[in-house]
Every structure is written in structure tokens, then in C-alpha cells.
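The whole structure should be built from the sequences, with the hints applied where relevant.
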Amino acid sequence: MDDLALISRIKQRDQDAMVSLHSRYVDLLYSIVYRVLDDSGSAEEAVQDAFMKAWQNASQYDGQRGPLIAWLIGIARNVAIDKLRQRGRQVAISEDNLLEDADERAVFNLPDDWQDRERANGLRFALQDLPAEQRQIIELSYYGGMSQSDIAEQFSLPLGTVKTRMRLGMQKLRDAWLKEP
Amino acid sequence: MNDSTLFDLIPAYALGALSDAERAQVEAFLAESEDARNELRVYQAMLTGMATNAPPRQAPAHLTEDFRKRLSTESTPAAIPFTQRRVSRTRWMAALAALLVVAVGVLVVLRSMQQDDKQLIQQILTDNAATKVALLPQAAATGSITFVSVPSGKQAVLNTQLPPLPNEQQYQLWYIKGGSQPDPSVTFDGTQNTNPVLVPAPDPAKQYDTIAITVEPRGGSKAPSNPPIFVGTLS
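Quick mapping for you: the protein sequence lines, in order, are chains A and B. Every letter in the first sequence is one number past the one before it in this note's numbering, and letter 80, counting from 1, is 80. Every letter in the second sequence is one number past the one before it in this note's numbering, and letter 188, counting from 1, is 188.
It is worth saying that the hints were derived from the structure and are not from the lab. As the structure is a prediction and not an experimental result, all values here were calculated from the model. Among the hints, erroneous ones may be present.
What the hints assert, rightly or not - With a straight-line Cα cutoff of 35 Å, these simulated DSBU-like cross-link-like pairs (lysine-lysine) come out: (1) A:K172 <-> B:K118; (2) A:K172 <-> B:K177; (3) A:K11 <-> B:K177; (4) A:K53 <-> A:K172.
Unchecked claim - Here chain B is said to cover these stretches of chain A; the calculated rule only asks that three of the stretch's residues, wherever they fall, bring their Cβ under 8 Å from a Cβ of chain B: (5) 2-15; (6) 65-78.
What the hints assert, rightly or not - Partial pick of chain A residues on the chain B-facing surface, computed with a CB cut under 8 Å: (7) S31; (8) R35; (9) L127; (10) L130; (11) Q136; (12) Y142; (13) G145; (14) S149; (15) F155; (16) L157; (17) Q171; (18) K172; (19) W177; (20) L178.
Glycine included, each C-beta is placed from N, C-alpha and C at the ideal position.
Structural data, given as C-alpha cells:
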């Protein structure tokens, strides 16, 4: 059953369908919230809360606005950042080896019919090629919910420097994303 | 800020990294520029792709079964009865500590709700199927308002640029059908900068054909106290 069929059933309050969705994407969402929270206990709570939020708000998902996977990732990221703020902590800055903490057994389920699946796979190299200071600023914002002024203040950087690094890094990733896979 | 500068802010907007003032300016720009909306969609898709490149981790095996149980027992907790009796100093301290935890929790929920509102505003403004209605100023009204709605959406966005009002007043949105009595909707404040406001979408069953803005006492009125300052036609 593809994602659209699954969410259609979930909107009709089919709990088995929701559990199927959980099973399908729990590794992906767990990895994302873990990246934010850097703690297994908090990550477990966050991923469960994220799926519960998806269940409660399923009626708001509109397939015209984007793939289900994007919607789920958005929910998971927001739940994790809220938890991070609640704990008064800051997201960890990634070192150069992005896969240092990866679990070799983990393989994500990505939708077969997701039109950006190949682009997403290709983006890995663009992320590795990004200068560390650009990648870290983007990750502080995406995974840590930090604004440009938060980052500038926290790391004693000129605001203009933060803005420039963020813009240049994001533009490079965008260009890599738009290249034919 | 000119359009080129606003365009350059789109990546940071997609990240949610802008100040409130910059974000409001970008949202006003998005409401008016299809190129900007297309560019934002590219960045949003790219960030989804970036997230799928997070260092992979296998979720603990028990999570899905735990989730199944949580789903099946989802219900509203029963109210805890309040009993009056003398409490010791220790219990007072514990109660105060609990109250502080609740207060922090409420702040976190409010901030989460604000973050959800921002996301929803962004979604509505970048929706390909969005309909925009520019409201016309009446008499000597200053500023501008654009009403942005999406098909079957329960909420809409008022992109407003209205001067601040005295503290005892607010702007109020009204939905009107034909010559009927206007139905009151939300109130909001004017600010120095462009301010997108999330509002309930008009009820399709009521077949409203007009939206209007008036100035009302703070908190709003059940019927307009003043003539409208902005009026727009709903299709």
C-alpha cells in the first residue's frame, strides 16, 4: 500500500494503518529526532509524540502540498526541537565524518514513488563537500531551531558572517539538488 | 527591502532562521511573487532530502508495539478531584514547583503552537492553488491587506500592513453574505511592519461573498461599530 492509500485510511481513523505508517518510517524519524536530541531516551519519546501528532492531525495533510514523508519529517523535527528547548540544550555540531555515529544496521525506508528519492541520495555528497562552517550553520538552524541571530550570539560571530555562510551553503545544496540525478 | 534582497532571504526563511521582522517581509513577498513561491518549494524539498541524510539509526524494536498500545488506549484522562485540607510547608513547596513546571510547559506549548502557525502560514502562502483577494481601502484608510485562502482549507491568511491603533482598539475581520448582518471573525493588531495573520477560513456553507475590516474596541464586537475601512470580494 503506498503512502497516499495509507494516509487515506488513517484519515478514516484506521489504527492498523497508522501502526503500519509507524513501522514504515520509525527508523527515519527516529534518526532525525536523535540528530536533534542526541539522546536515545528523549529521541524515543519524541518519535512517539511525533507519530501521535501525525495521527491527531491526519485530516490536515493535503497531498497536493507535498509528499507524506515531507509532512512527517516536518512534524518530527518540530517535536524534537520543542523537546530540545524544553531541556534548555543546544543541538550538537556535526564533525566532518557525518556517518561517525551512524548505526550500520539502519537502513531507511523511503517511498518508492517519491519523485525526489534519487535527488535525496545524491545530496549526501553535496553535504560532505560543503565547507564545515557552512554545513554546521545550516544544521544548527535545521536541527537546532536556531535563528541567524541566535547562532551569531552563541558562537560570537558577526551576524553578517552567519547570514552569508547560511546563504552560500544553502545555495550550493540547492544547486546540487537541482542537478539531474 | 527590494525584491532581490528578499529573494536572497528565502533559503533562511525555509530554515526558519529569520527574525520576526524579516520573516514577515518575506511572507508578504511570497504572497505576491510566484517565482519566490517556486524557489521556496525547491528549498523545502531540498531540506526534506537533507533530513533523509541524517546519520541513520535503528529505532528500538519495541517502539511500534508501544505505539500500537498507546493508540488503542488514547482517551481523555479523568479529572482529579480537589480536596481541601491543611498542607505542610513541604507540600506548598512541591505545589509551587509543580506550578512552575506547568507554567514552563504552557510556554513550550505556546511556542510550539506559534511554530505550527508559522508553518501553516508558510504552507498557505506557497500553495499553488491559493486564491488572493486584495482588499480595497475605503475613504481615507491607509495600508494594505491581501486575503489568501486555499481550497477546502480551514484557515486562511490575512497579509496585513496596517498602522498600529490606540491600545483600546483592534482591527476586526468580518464575513458577509449579500446584505445580511456581517458575521464577526478574529481581531488583530496593526504593526509597523507587514504582518501575516492566520484567520479561520470562511465557512463554505454560508456562501459569503464579501470580507471587510473595521476598527473595533479591543476584543472585538458582535456587530460592526464603524463603517469598514477595507472591503474585498470573495469569489
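How the hints compare with the structure:
1. For the given pair, K172 (chain A) sits about 26 Å from K118 (chain B) by alpha-carbon distance, which is consistent with the 35 Å threshold.
2. Annotation: proposed proximity of K172 (chain A) to K177 (chain B) is violated, straight-line Cα distance about 50 Å (limit 35 Å).
3. With a CA separation close to 32 Å, the supplied pair K11 (chain A) and K177 (chain B) stays within the 35 Å bound.
4. In summary, the hint linking K53 (chain A) to K172 (chain A) is supported, as the alpha carbons are separated by about 33 Å, within the 35 Å threshold.
5. Here the segment 2-15 of chain A counts 1 residues with a CB under 8 Å from a CB of chain B, which misses the bar of 3, and the coverage is violated.
6. Only when three residues or more bring their CB closer than 8 Å to a CB of chain B does the claim for the segment 65-78 of chain A stand; here the count is 9, and the claim holds.
7. About 4 Å separates the beta-carbon of S31 (chain A) from the nearest beta-carbon of chain B, less than 8 Å, and the hint is met.
8. The beta carbon of R35 (chain A) is positioned within 8 Å of a beta carbon in chain B (closest approach about 4 Å), and the interface hint is therefore held.
9. Interface hint status for L127 (chain A): upheld, as the beta-carbon distance to the closest one in chain B is roughly 6 Å, under 8 Å.
10. Among the interface hints, the one on L130 (chain A) is violated; its C-beta lies about 10 Å from the nearest C-beta in chain B, farther than the 8 Å criterion.
11. A cut of 8 Å between beta carbons decides the hint on Q136 (chain A): the least distance to chain B is about 13 Å, and the hint is violated.
12. Hint status for Y142 (chain A) relative to chain B: holds, with the closest Cβ pair at about 6 Å, below 8 Å.
13. With 8 Å as the threshold, the beta carbon of G145 (chain A) comes within range of chain B, its nearest partner Cβ sitting at about 7 Å, so the hint holds.
14. For the restraint placing S149 (chain A) at the interface with chain B, the shortest Cβ-Cβ distance is roughly 6 Å, inside the 8 Å limit, so the hint holds.
15. Restraint check, F155 (chain A) versus chain B: the minimum CB separation of about 14 Å is more than 8 Å; hint violated.
16. At a threshold of 8 Å, the smallest CB-CB gap from L157 (chain A) to chain B is about 13 Å, leaving the interface hint violated.
17. Checking Q171 (chain A) against chain B: minimum C-beta separation of about 7 Å stays under 8 Å; hint holds.
18. At its closest, the beta carbon of K172 (chain A) sits 10 Å from a beta carbon of chain B; the interface hint therefore is violated under the 8 Å criterion.
19. Nearest Cβ of chain B to the Cβ of W177 (chain A): about 4 Å, under the 8 Å cut. The hint holds.
20. Taking 8 Å as the C-beta cut-off, the interface hint given for L178 (chain A) holds, the closest approach to chain B being about 7 Å.
Hints 2, 5, 10, 11, 15, 16, 18 from the earlier list are contradicted by this structure; the remaining hints agree with it.
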